[in-house]
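Protein sequence lines correspond, in order, to chains A, B, C, D and E. Taken in order, the first sequence gives residues 1 to 164; the numbers are from the numbering used here. Taken in order, the second sequence gives residues 165 to 667; the numbers are from the numbering used here. Taken in order, the third sequence gives residues 668 to 1367; the numbers are from the numbering used here. Taken in order, the fourth sequence gives residues 1368 to 1900; the numbers are from the numbering used here. Taken in order, the fifth sequence gives residues 1901 to 2005; the numbers are from the numbering used here.
Mixed in with the good hints, there may be bad ones.
[What the hints assert, rightly or not] List of simulated lysine-lysine pairs, DSS-like, C-alpha gap at most 25 Å: (1) D:LYS1698 x C:LYS1292; (2) B:LYS535 x A:LYS163; (3) C:LYS783 x D:LYS1575; (4) B:LYS545 x D:LYS1497; (5) D:LYS1444 x D:LYS1398; (6) B:LYS612 x D:LYS1398; (7) D:LYS1497 x D:LYS1402; (8) D:LYS1398 x B:LYS545; (9) C:LYS692 x D:LYS1772; (10) D:LYS1772 x C:LYS693; (11) B:LYS612 x D:LYS1494; (12) A:LYS163 x B:LYS612; (13) D:LYS1444 x B:LYS612; (14) D:LYS1494 x D:LYS1405; (15) C:LYS1160 x C:LYS1039; (16) E:LYS1993 x A:LYS163; (17) C:LYS693 x D:LYS1769; (18) B:LYS176 x A:LYS138; (19) C:LYS736 x D:LYS1435; (20) B:LYS545 x D:LYS1494; (21) C:LYS783 x D:LYS1891; (22) B:LYS198 x A:LYS163; (23) C:LYS1039 x C:LYS1243; (24) C:LYS1037 x C:LYS1119; (25) C:LYS692 x D:LYS1769; (26) C:LYS776 x C:LYS692; (27) D:LYS1891 x C:LYS864; (28) B:LYS176 x A:LYS163; (29) A:LYS163 x B:LYS545; (30) D:LYS1497 x B:LYS655.
Hint data in this document are derived by calculation from the structure and do not stem from the laboratory.
As a plain string of letters, each chain reads:
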Amino acid sequence: MNYYEIIFYVFAVLTVVSAGVVVFSRNIIYSAFALLFTFTGVAGIYVLLNADFIAITQLLIYVGGIMILLIFGVMLTTNVTNVEITTQTLKALPATIVVAIVSALLVSTMVSTKWAVKDPISVESTTINQIGELLLTKYLLPFEIASIVLLIAMMGAAFLARKN
Amino acid sequence: MLTQQILDGLSKFYPETILSVTILVIVFVELFFKKKTRVSGWIAMAGLAAAMLFTFLQVNIPAQTIFFQMVAVDPFSYFFKVLLILSGFLIVLFTFLSDEIRSSEFKTQEYYALLIALTLGGFLMASSVNLLMMYLALELSSLSSYVLAGYFKKSNRSSEAALKYVIYGGVSSGLMLFGISLIYGICGSLDMFAISAYLSANPVNLITLLIAIFLMLAGFGYKISAVPFHFWTPDVYEGSPMPVTALLSVSSKAAGFAMLIRFFLVAFQNAGHPTITTEGLHQYITLPGLHWPEVIAVIAVATMTLGNVVAIWQDNLKRLLAYSSIAQAGYMLLAFVVVSPQGISAMLTYLAVYLFMNLGAFFAAILISNKYKTENIEEMKGIGYRSPLLCVSMAVFMLSLSGIPMTAGFIGKFYIFSALINNGYIWLAIIGLMNSVVSLYYYIKILKNMFLIRPQGDTGAVSFGAGYSVLLLALAIPTIVLGIFFGPLTKFAEYSVQIFGLK
Amino acid sequence: MLISISLLILFLPLLSFLILIFFGKKLPRQGDWLGTAILIICLGLAFYVLLNTGASDKFNAIYNWIDLKDAPGFGPVKINLGILIDNLSAIMLVVVCLISAAAHLFSTKYMEGDAKYNRYYAYLGIFTFSMLGIVLTDNLLMMYIFWELVGLTSYLLIGFWYENPGPQYASKKAFIVNRIGDVGFFTGIMIVYVFTKSFTFSEIFAAIEAGQLTGGWLTAAGILIFCGAIGKSAQFPLHVWLPDAMEGPTPVSALIHAATMVAAGVYLVTRTFPMMSASALTFIAYIGLITAFISATIAITQNDIKKVLAYSTVSQLGFMIMALGVGAYTAGFFHLVTHAAFKACLFLGAGSVIYGMHHEQDIRNMGGLKKKMRITYLTFLMATMALSGVPLTSGFLSKDSILAGTMAFAGLTGGFNYIIPILAFLSAGMTAFYMFRLVFLTFHGEPKNKEKFDHVKESPLPMTIPLIVLSVLSFFVFFSYNPIDANIGWFAKYVPAVQTVVPEAQRFDFQKGTTEHIVNAESPASETHGENPAAVEENHSAFTEAVHHAHYPAMGLSLFVAGMGILLAFAFYKWKKFSADAVAEKIKPLYTFSLNKWYFDEFYEGVIVKGLLMLTQAFRWFDNKVVDGVVNGAAYVTERSSSGTGKFDNSFVDGLVNLIGSVVMFFGLIFRKIQTGRIQTYLAYVLFGIILFYFIFRTM
Amino acid sequence: MHELKILGVGILSWITFLPVLGMIIVLMLPKEKEKTVKWTALGITLLQFVLCIVLWMNFDNTLAGINKIEGFQFIEKFTWIDVPGFAWTNRVVIEYFMAVDGLSMPMVLLTGFIGVIATISSFSINKSIKGYMALLLLLNTGMMGTFVSLDFFLFFVFWEIMLLPMYFLIGVWGGPRRIYAAIKFFLYTLFGSAFILIVMLALYFSSKDPTTGAHTFNVISLMDPANLLPGSLLAGSLTTARLLAYAALFIGFAIKVPIFPFHTWLPDAHVEAPTAISVILAGVLLKMGTYGMLRMSYGLFPEAMVYFGYALAVFGMINIIYGSLCAMAQKDFKKLIAYSSIAHMGYVVLGMSSLTTQGISGAIFQMFNHGTITAMLFLIVGVIYDRAHTRNVDEFGGLANKMPKYFGLVIIGFFASMGLPGLSGFISEALAFLGAFSVEPIRVITIISTLGIVLTAAYMLWTLQRMFFGTLPEKWSGLTDLTAREYFMLVPLAVVVIFLGVYPSPILNMMATSVNQLVDFVSKSTSLTIMGW
Amino acid sequence: MPNFQIGLTHFLVISSLLFGLGLFAVVTRRNAIMILMGIELILNAANINFIAFNKYGQLGVDGQVISIFVIILAAAEAVIALAIVLNIYNNFKTVNADEIDNLKE
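Here chain A stands alone, though its shape is the one from the complex (with noise of 0.2 Å):
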């Protein structure tokens, strides 16, 4: 067992145990640091998978950002003065058997299916300036219309929470 596998059990059981927490748990405040967990897992992943930029990029504006806005959203909707803060799941039985058939078709595809997997070959120490470069050229386009989405998505969020 080297190392790459240890760390990467422990991330991969960090994160799917931190997901299951953030579903099952009774208690909605519980759910929302879980997802911190989750987050924080997922980061680990893309490191090990050595997307430097992208884990940190992760941790920033996912835990940062998104959790944050998450648990503003948990704070202001559930009244935390009356104790009933936790939230039964639907007993919808049939929508859980849905959603476990999905599942397990998709894990048992991702296994069954060879992949194209190259031979690993020698990897630069960091992928930013590739990511700098790639994102000003091929995807500029994206890039710029990403930022109109950013700015729409601003100016609705805005309109929607504006009281008068």
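Let chain A serve as the given structure and place chains B, C, D and E on it in line with the hints.
Here is chains B, C, D and E on its own, set in the frame of chain A:
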């Protein structure tokens, strides 16, 4: 070389740039006004007009891809740009004339910005050749439509519609993204031409590809509200403001169809084989073993049948029009089963015709809700006698939607059914015909209420201003004219079937 | 020349109809004089035509009515109308015009003061026109046309007083029964046309002789054409309408339901006699026999004067048809002519009695009119003697020759056919009995109804003249100088037996092998007038031989039978030896059976009419419930399934949607329920959709 | 082959589009001036009828034009829509092809005549007369166009044009359950025309016009099997596709005739429609079904027609017997007439199925006669309904004395519909029977159908007795006899019925050659043994 | 797993699991915000896919650039979704998705 390519790309990217500039100008100008004004509306109209002008200028440049094969500028995208601008223009007019918006206390500044953003999203969806670009465009138009749907913050209906829309949209785009990742996994690239080259060259595990396609279909289906993915449509259409419903039902659906056509025809086009078949009909040969036309056929039949069948029970006009737009999507998908230029041109013709009759129907619905304060069909008894022009044009739209001869709807359906019969899909044609007979029932039900029953309560004539009737006629006349003199439209549709990258 | 005269005779009554129907009211005396004058002119012309046509002359004129040019696979389609004057039609012309003139004259008094007086005369005019049409025509289709026109006029005349229910019901019954007969007639025409490609008699006979129509179809054609006669001449199954037709005015009964219209059937059989095959003739004979016998038994117990005469007419028609059936061609036609005269006289006599007794028709409260109405009594008595077959009368001659014919036929064919003469003689006897019963009850004995009897006085002149003329015609002298033997009379010579054209196989045995010395070659006569020398030549066929032998025994027998009948009548009603009621009491079931006209009316009413009405109700239910039900049924299903919502415009929904519609609505309901409004269920459905598609298309 | 042009436009186009002109004029008139609206409408229909008479005068009886273009008369043929083919879609050529031959001439005359009668009888309409007259004129164009057009697309377009005005005419001006009846009528006919559309398209795509090389809708060139592309759907003879196409066409037209299983819309439509519309519906619209069968089914699928000849005869018989029996059970006078017209159309179908000259000419003549006779019957119903506002037969009685003139015309109408010789009904029924009887296999069917005559006589006389004889109930003491306007409607019809009864050759000669040509064409086009010979 | 050497499939399995859990959260949890969390999980799963395929397919850094864009879009969507959820809270005083169903049939 890099900057040269970017500059060259920019020179072909004027319409989109103009739209983005319009968004910024709207946001900027609105800061100077306190109370509600229509200025941003006029700016939006100006922006759309400029975009239309530049699109016209683009008409005779050869089909090509720009920005490092992200976006294609070809007759196909040109057709949809024209369509989207037209519908955007009309929606802005609808918003001016809809009391619902006028009476609401919200400033309409964001409204028009989001409208332009949605149109821009549509532009990119129609012309994107890269899956990532396509996903981005989808997100842009979806996000703006979430906010538009929930525009009346105070009303329960609108906010509920927005909630359902955002959750449903989010999940669908999530599924689509997972699908895209699978395809990326299989083919190693997100560029459609690379995908088609890869798929036609080396053997691929069909099961995974199939799953990837179904997940992608979740995304497309959500956008054009095809059957298994249509569940959001009735509730969102009923909840959101009337002009937004019109917008969703026409422009976002048209963009969805553009995306669907380009993806399936380009990505799964068998690059190796020539595409001219025996009797001169242009036939795309799909990948052996991958029978996606059958998938589309099943979805089309399901969409048509469910749309028509449930519409019979509706007595809320907006919900009825929602189900009718689902059914119309079904008819268009029907044409898509015929994977040949004749099928695609039939689809495009139907889309153009669908724009006029659907927007017309929605505008009439707006006027009815303005003056009679009701969306319930049963309460529309006898209004044919009180506001004849409105009801006659409503009759024209209804008959055209149902496909009665001498209306544009008939020509649309005529081309679709002749394409089907010409390529041997007799049974699909028959099912389509039976569906249009069933659809006739609920379209005529509205006319029955308007004309055949005398008004009970006050029978005072309710007239509309000149502006309203001019717009009504502007929509009704093309619906009839295109029914008789449909030459140029079909030629334009046939011309714009040339998708970049297809022989 | 003769053609133009006969056309004149034909269209004059039509002229009178048109004038009277449009301008009748404005004419003085509402135009009855016009009608009568026209008829008298026609009578004169008819006599002229009779005198100028030789026994074997044939004057023919054709007019092309419908021309459908050359039909592929069939040949030229030409439908012509034509006039044919030969011995038969000449005589019938005279008979029809005579009786019609008599009826016109009689009605001037009888119908005086009626509200629709001019319309009555108009109807008489058009009746005469259509009757003459039947007589003069040379083809089957034209005969069918006039056949139905006669049916129409009898409908109008029977239902003349349509205010009260009796005539209404009788006229409708008459028309429908006639129609049933006509349908048979038309089917017969169709068979003939399809095989011989023509309607005209001469062409048909030539074609049959050439063998174009043989075997089963020929017999079927014969019988079906005879169906027309059954309907019109009130033969056995369809005789029920004639007694009810007595609801019409009496002159109408005299004209139509005694002499002319009912005789049309016999005339038709006479015309188409050559094409009748042996089996068809036997069928005709037996129908005639049954009719004669049944109606004779019924006539005995009837108490209404007109009903007795009606049933006696049916019986006599049965005799004529039977005569033709057994092959006594001349005898049948002879009886037709004589019967027309005295039966019309009897009816008009009854009319004057009714006129005198102020519309009293029941003979039980008549009696002793002998003294008050001398002329009517005498003429009535004379006609009764003719009808009963008393010697020195025309009736005796004709009936005797018929009976001789039946005996000859029985002799030749033997076997079961002997029943024919037996029943024939029996009916002749009964005829004598009920006629004299009628005479005694009405004219002899004490008047039963005092105050009515006092007002009785002899009918005025216009009513008595026709009576006298017709009764005189009942004497034998007009038909044959020798009161005993009819064969040497001018009539027998004028109307010789016609040779059958039926192929050899389908003839009576005694007719086989006699074609070689056929008498008058059927050459289509040209317009030329004049005696054809070879025409009248003695016809040595086996049948005439047999008739000669049977002549005297038949005469003896008929005298005996008639005598017995009269004796019995005297015993019962004149000398009152036995009381009729006592006898009736003894044979109670038989009496009531006969009184109720063998329950034919009840049978038809109960079985056929009721059955038909029930059938129509069944069809109406089927149409509303099953065929239309598909639509309403669908609505019913939707009604039930949508009871929850109940928001619909019920009258609209339950009518509209058809079965497919109901399926559509049903699915609509299901799919509608899917839209639960909860976002999670939507997402679940989406995933379910994806899985479903996956499993469907995985197999592809 | 001679032309007849007025002001440069062919006479057929004049006859067809004159009513549209009239409609435009009527629409421009102010709403209040009801009299002018009525009289302009009448003027237009009269003008159209006069043009029909002119057309009849110049009609040459010796020409027969079923499948040979030179046999047709007053031809107007030029391309209406010509969309040049692009890279892959080939040329779309739709012709404006109008012409008349022996088959359509009687129908044109009938439409003109009934159009005038219906307009006169529409004078009694009071509710928004302007809209009514406009729709009536549009309907007139639809009918006339169907009979004269020889291009399947044009035929179908006129067929659809007829649909909408009828829907509104019944739906707005009808009786109590008018909406139900209107919708039912509309959906039934549309269901039928859906089938016709499919066959039209199938034919279009499997045909190749000899001149233009593109697909074609031209009926004449479709008749010639050489023009059908060898590999296409409907090529060849007696293939299942062709039989299916024939069956689909049959259903489409059978709904219009109406033939037994598809007839339930007729009684409702008639009961609810106003008098004038019932006159047009029964007078002309029913004939479009049978005319369509003669022109399209016989012309385009002759061998399928022979193959299904026996079935058609059976349908005819069912119609006769079923219609008469249902009529006998009706209480509503108008519904009784409706069922009687189902029975009379049964004669037409029987005659048509025989494929003999007498049969088919009998059928066409019956279509003409049924048009006039049923129009008369519905006007008779209208007269009574305007006065008594009830159609229940049992509520009347003794009308003969009360309204003698009316009774006279009723007698003519009733006895004509009973097929009494001397009136036009008899000749067509006799010819139809003679034609059908000469065909061996359907001989038994014809005999059964002759029962129809007795049944018709039964229910007609029964109705006559219940309504006109007997004593007059006192509530009808106020009934007045015919007004002048009603005279103008009924007398011309009576005159035509009597005149054609006595002297039928004007109509019969008109169709004789064409019918012979049709029979010849059908018999030569199939190897099957023709039933008759 | 057949060979202990960590291969592409391991990562894909993880992403599928995350995807499944995300879906489960979306479909069964009643609280709207829980659904948003579910959506985030799904998007993360897709991201893992992208990067995994990118590494093992030797496709340069395209995959990573794509995942950047995915993260951007996830953020934008989360913002808008939350704004709408807050709006719902103001109007309906509850955030349970299954109680908000008066737009139905």
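Status of the hints after comparison with the structure:
no. : hint                  : result
1   : D:LYS1698 x C:LYS1292 : holds, 17 Å
2   : B:LYS535 x A:LYS163   : violated, 30 Å
3   : C:LYS783 x D:LYS1575  : violated, 71 Å
4   : B:LYS545 x D:LYS1497  : holds, 22 Å
5   : D:LYS1444 x D:LYS1398 : violated, 39 Å
6   : B:LYS612 x D:LYS1398  : holds, 23 Å
7   : D:LYS1497 x D:LYS1402 : holds, 10 Å
8   : D:LYS1398 x B:LYS545  : holds, 23 Å
9   : C:LYS692 x D:LYS1772  : holds, 14 Å
10  : D:LYS1772 x C:LYS693  : holds, 16 Å
11  : B:LYS612 x D:LYS1494  : holds, 18 Å
12  : A:LYS163 x B:LYS612   : violated, 45 Å
13  : D:LYS1444 x B:LYS612  : violated, 39 Å
14  : D:LYS1494 x D:LYS1405 : holds, 12 Å
15  : C:LYS1160 x C:LYS1039 : violated, 43 Å
16  : E:LYS1993 x A:LYS163  : holds, 16 Å
17  : C:LYS693 x D:LYS1769  : holds, 20 Å
18  : B:LYS176 x A:LYS138   : holds, 17 Å
19  : C:LYS736 x D:LYS1435  : holds, 19 Å
20  : B:LYS545 x D:LYS1494  : holds, 19 Å
21  : C:LYS783 x D:LYS1891  : violated, 60 Å
22  : B:LYS198 x A:LYS163   : holds, 15 Å
23  : C:LYS1039 x C:LYS1243 : holds, 23 Å
24  : C:LYS1037 x C:LYS1119 : holds, 15 Å
25  : C:LYS692 x D:LYS1769  : holds, 17 Å
26  : C:LYS776 x C:LYS692   : holds, 18 Å
27  : D:LYS1891 x C:LYS864  : holds, 23 Å
28  : B:LYS176 x A:LYS163   : violated, 42 Å
29  : A:LYS163 x B:LYS545   : violated, 40 Å
30  : D:LYS1497 x B:LYS655  : violated, 40 Å
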